[in-house]
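Q: Sequence:
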Amino acid sequence: MTITFNSLAFKDTLVEGGFSDRQAAVLANAIWELVANTLATKDDLVALEQRIDVKLAHLKVELLMWMVSLTVVQTTILGAMLKLLR
Numbered sequence: 672m673t674i675t676f677n678s679l680a681f682k683d684t685l686v687e688g689g690f691s692d693r694q695a696a697v698l699a700n701a702i703w704e705l706v707a708n709t710l711a712t713k714d715d716l717v718a719l720e721q722r723i724d725v726k727l728a729h730l731k732v733e734l735l736m737w738m739v740s741l742t743v744v745q746t747t748i749l750g751a752m753l754k755l756l757r
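The opening position of the sequence shown corresponds to residue 672 in my numbering, with each subsequent residue numbered one higher.
Treat the hints with care, as some may be off.
[Stated by the list, open to error] Ranges of calculated distance between the beta carbons of each label pair, as one might list FRET restraints: (1) SER691 to LYS731: 41 to 47 Å; (2) THR746 to LEU719: 37 to 43 Å; (3) ASN708 to THR746: 54 to 60 Å; (4) LEU755 to ASP724: 44 to 50 Å; (5) ILE748 to LEU727: 56 to 62 Å; (6) THR747 to LEU727: 36 to 42 Å; (7) LEU735 to ASN700: 23 to 29 Å.
For the record, the hints were derived by calculation from the structure and aren't laboratory data. From a predicted model like this one, the values you see are computed outputs, not experimental measurements. All C-beta atoms, glycine included, are put in the ideal place defined by N, C-alpha and C.
Construct the complete structure from the given sequences, taking the supplied hints into account.
A: Put into structure tokens, the structure is as follows:
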């Protein structure tokens, strides 16, 4: 998705509001640079959401592996303790 910003219309609005033509042009260019280089688009947010979903899936798998491993270790320790008590 592309960002649309009509810098010419913005400049004209500034001139109508009392800015000089040069001031309006400089401000319009500065705001265009800000918009083009720092604002996230919907596509950027969708890509970020997808990366987060992948990382969450990996974390779920890792957590499940830890839970199974700890259950096995706990069962082994409990079995060894019961064997020692008999």
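Q: Confirm or reject each hint.
A: Checked hints:
no., hint, result
1, SER691 to LYS731: 41 to 47 Å, "violated, 59 Å"
2, THR746 to LEU719: 37 to 43 Å, "holds, 41 Å"
3, ASN708 to THR746: 54 to 60 Å, "holds, 56 Å"
4, LEU755 to ASP724: 44 to 50 Å, "holds, 47 Å"
5, ILE748 to LEU727: 56 to 62 Å, "violated, 31 Å"
6, THR747 to LEU727: 36 to 42 Å, "violated, 30 Å"
7, LEU735 to ASN700: 23 to 29 Å, "violated, 53 Å"
When the structure is compared with the earlier hints, violations turn up for hints 1, 5, 6 and 7 and for no others.
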